Amino acid sequence: MLNKEELTDIIRSFEPEVEFPEGKQLLEVIVPAEKLFTLAEKLKSDSKTAFNYLITMTAVDFLTQMTVVYHLESTEFRHLIVLKSVLSDRENPAIDSLTALYPTAEYFEREVFDLFGIRFNNHPNMKRLFLEDDYGYPLRKDFRDEINIIER
Amino acid sequence: MSSNIFDFATLTGSIHTWLSGMMSSGWVIFTEMVLVGLVFLLMYALVGLFLVYLERKVCAIMQNRVGPNRVGKWGLLQTIADLIKLLMKELIPIRKSDPLLFNLAPFIVIICSFLAMAALPYAKGLQAIDFNIGVFYVMAVSSLSVVGILLAGWSSNSKYSLIGAMRSGAQIVSYELSVGLSLLAIVVFSGSMQLSTIIESQANGWWIFKGHIPAFISFIIFLVASTAEINRGPFDLAEAESELTAGFHTEYSGIKFAFFFLAEYMNMFIVAALGATVFLGGWMPFHIGNWEGFNQIMDYIPSVVWFFGKTFFLILIIMWFKWTFPRLRIDQLLTLEWKYLLPISLFNIVLIAFIVLMGWHF
Amino acid sequence: MNSIAKYFSDIFKGISSLWAGMRITGKYFFSPGAIVTQQYPENRATLKMEERFKGEIVMPHDANNLHACTGCGICEMNCPNGSIEILTDRVANAEGKMERVIDKHIYHLSMCTFCGLCVKTCPSDALAFGQEFEHAVFDRSKLTKVLNQPGSKIRKEAK
Amino acid sequence: MSEEIIKDVIVGEQEDYIINMGPQHPSTHGVLRLEVCLKGETVKYLIPHVGYIHRGIEKMCEANTYQQIIHLTDRMDYLSAHMNNEAVCMVVENAMQVKVPERVKYIRTILNELNRLASHQLWWCAFGMDLGALTSFFYGLRDREMILDIFEESFGSRLLHSFNTPGGLMHDVHPNFQNRIKEFIKYFRKKLPEYDQLLTGNVIFQNRAIGIGLMSKETAIGYGVTGPSGRGSGFSCDVRKIAPYGAYDKVQFNEILATEGDVFARYKVRMAEMWESMNILEQLVDNIPEGDFTAKMKPIIKLPAGEYFQRVETARGELAVYVVSDGNKSPYRMKFRTPNFSNLFVMNEISAGCKIADLIAISGSLDLVIPDIDR
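If you read the sequences in order, they're chains E, H, X and C.
Heads up: the first sequence begins at 1 in my numbering, then just goes up one per residue.
Heads up: the second sequence begins at 1001 in my numbering, then just goes up one per residue.
Heads up: the third sequence begins at 2001 in my numbering, then just goes up one per residue.
Heads up: the fourth sequence begins at 3001 in my numbering, then just goes up one per residue.
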């Protein structure tokens, strides 16, 4: 198990363009969207980090930008990081898919696409998971559904 | 040693003479056929309904439940209430189904089980028709119902039904062999296919006791294979409700569904009755060699009680199977038949032939 | 030879494992005392729900038709489903001051999820869980209940 | 593998025999639709269709306070309602840095294990029924009733008991609580071997379960299959061991692992977990410390701005809660990583080439709860 400092150093050596904001609990890594896949690939394949388990993946809409959040764990060393990527284009957000590395990402990404409208490049099956095709993206903060959602 | 107090031949004979005194011989036969038909219809309905009730009650007690207890005393009228409900239910026509076959299928199934009942000896002298190929006839007729099941599955225009019907076809065709071979074992022992002769041959002891271990093995094989042949758990793949919702009768409703349902239970009755007749002496009381006193006492129990007692004993065992075991998979089902039951029963038959040849049986 | 031995041992192991299962069901078949089913509508007279059973929200009234609800609206605010609505009135009390009292404490049973937040957060312990559980009605509007009894008043704490 | 690829590359035939298993099917345990392509009885591929019970819990959370969120989490995986509650409570407590009384931790852990037992019992019933052994359903429910009675006595509800609240419990447990648990354990220790005799040892059952639905450890990790399903493949994923919470660091217990990765391995893991849960309960039930049933909390909880993450082990796997707070009384974004979501989507991978009957066994062995997938 590597501590935060060691992980920081290793990740910096993989990808110098990352930022490490002060996380409250876990080590957070912000990586540019176009570097996400290569960094994740290195994080997974490197024997020192070996982040082979994608716990969860989601997105957050900050109204000015979208953030895609990945929680990665290594089943071998049990260290955990939060990988984030900021998408400034809120109208047509797109980012590389991690399906090739983590099969479970396929469905998490479909869920994120369904609820946020973020497209994932190289995704094998970019279809909505839960909702109908013509429904909006409900977890976006500016989403309004007058009929089904009663606001208090 | 046979007692005449409970001989139904006297009753039937007296009816015959009474009728003969009233009309010509042609009319007598016609009237008798109508009478027998009515009696069988009545019995079919009663036994079927009672079996449904019995199954629900037996499984309930096995599962720490009470079972039906609302309609009538101990819920005895529950199945009649269900029957009335089923009679009143709408018969839903299925779009793009084959209407002729769809409507024909339940009748085929129910007629087959009805036909088989004719040859069963219910008590001493109470048998509608005593073929000299009785065992063969019952086997042949009861296995005809697979045609009805296949038609039901095919004509329903439902994928689940089709899978269920195909499963049922494979299952019945293969288990027919084992049922036949295990019955053949007793045919070899008694030297006759006539059910009355088979019963008479058990006057001094049932074949399951007289026939040494081979007879017992063929009894077990008969139980297993006939459970499979009538599509009951753990071999209820044709209707496997957790896999195929209801299998071949998924699309049936109302009285047509009731036909399938009733036929399934009557098939169970027929199989159990056949098993009781062939292996457990049918209506023949329990006799032990030359214990005259004991045999006398046994003779006082009416033969009809013996028959139904044995039959329901076998039915209980079949129910016990169903409510204990998980369902087999289709390939395991066929493995069981072709790799275990069939070789064993073939070997068993040879063994029995040898025993009979050497005269080792009692 | 080995495979033949395995063939027969498989058969015997199989049969004995099946027999083990049949023993269990057989045991229960011959011990009807193990039946656990409750005869529900028949045992209504003796059926006693647990004291903490969350059947519905009630507002306990004492013998003088007094309740403890001040109409503060905390339960309404805390309810996640909006199943509580409070209609308040302002009436003059003995000293001539205007005071808030509840007119109707409306409870929509149809929307309630029995999370217990209203009962827990009520500052004056005016709400409680009732043990009634037979809520089936033919008309949905009957599931909307007024918790304060007609003519009831707020209980004044002895000062 | 994706459905599109399979359709284009592998199948490529016109005469696919496609059946829709669900949304109303006896063995999907809820409104799940599996589009199954068959060749004879053999499954070529299947496509899970979810969303029939999507209620937008994550969206609802954004409008609710943290106390109100608790009762929503009950309704995700209704069979491990308590664990779901606890996950949200713990994320709030950790964010606020509240010191939760020891008594609360012990009671929560006991409830966790009771809930896990109840859930596994129900799974055992339903799994037996999926395979056609209908009697198992009633034996399991009979014993589960005892646990539900304990729940009812203490919290007033049997299934969805929103008993946790950030900082502690809604109220203290019933005075009978400990005695009834001890009674139950004594009773269930006698009944659990019956389960084995009825189903585990049964040759038909073993033939149905052994070697079916093989899932390798890599597949389990890759698809994020956690809980007993993942541990049946040798994926050590027990959050109770990895990151102990509650009173799990004070008890001795083993993480049950099996390496075979088939249906029977997952079955064995769950059966062993029932024994292990009883062990944990026995260690805890007599040692509940005295104290408050809740920590002092403000009536309106406002999480400091930031991001919080908490995972717990539910009866079906790892539940992770990810909260983004902007300092308001309701979360800015709340994400539940529910175990069944990941567990479901491995089905296509592990069921290709098996029979329909095996498909039922596989979905039964994954122990899916559909509302947990859709949220």
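Worth double-checking, as some hints may not be accurate.
[Claimed, not checked] Covered by chain X, according to a simulated footprint, are these stretches of chain C (three or more residues, beta-carbon under 8 Å): (1) 3139 to 3153; (2) 3318 to 3325.
[Stated by the list, open to error] Distance windows between CB atoms, simulated: (3) Glu2085/X / Ser88/E: 42 to 50 Å; (4) Asp3196/C / Leu63/E: 39 to 47 Å; (5) Lys2013/X / Asn3279/C: 25 to 33 Å; (6) Asp2062/X / Phe3293/C: 44 to 52 Å.
For the record, the hints were derived by calculation from the structure and aren't laboratory data.
Since the structure is predicted, the reported quantities are computational estimates derived from the model, not experimental observations.
Every residue, glycine too, gets a C-beta built ideally from N, C-alpha and C.
Results of checking the hints against the structure:
no. : hint                              : in the structure
1   : 3139 to 3153                      : holds (count 4)
2   : 3318 to 3325                      : violated (count 0)
3   : Glu2085/X / Ser88/E: 42 to 50 Å   : holds (44 Å)
4   : Asp3196/C / Leu63/E: 39 to 47 Å   : violated (57 Å)
5   : Lys2013/X / Asn3279/C: 25 to 33 Å : holds (30 Å)
6   : Asp2062/X / Phe3293/C: 44 to 52 Å : violated (28 Å)
Checked against the numbered hints above, the structure breaks hints 2, 4, 6 and satisfies the rest.
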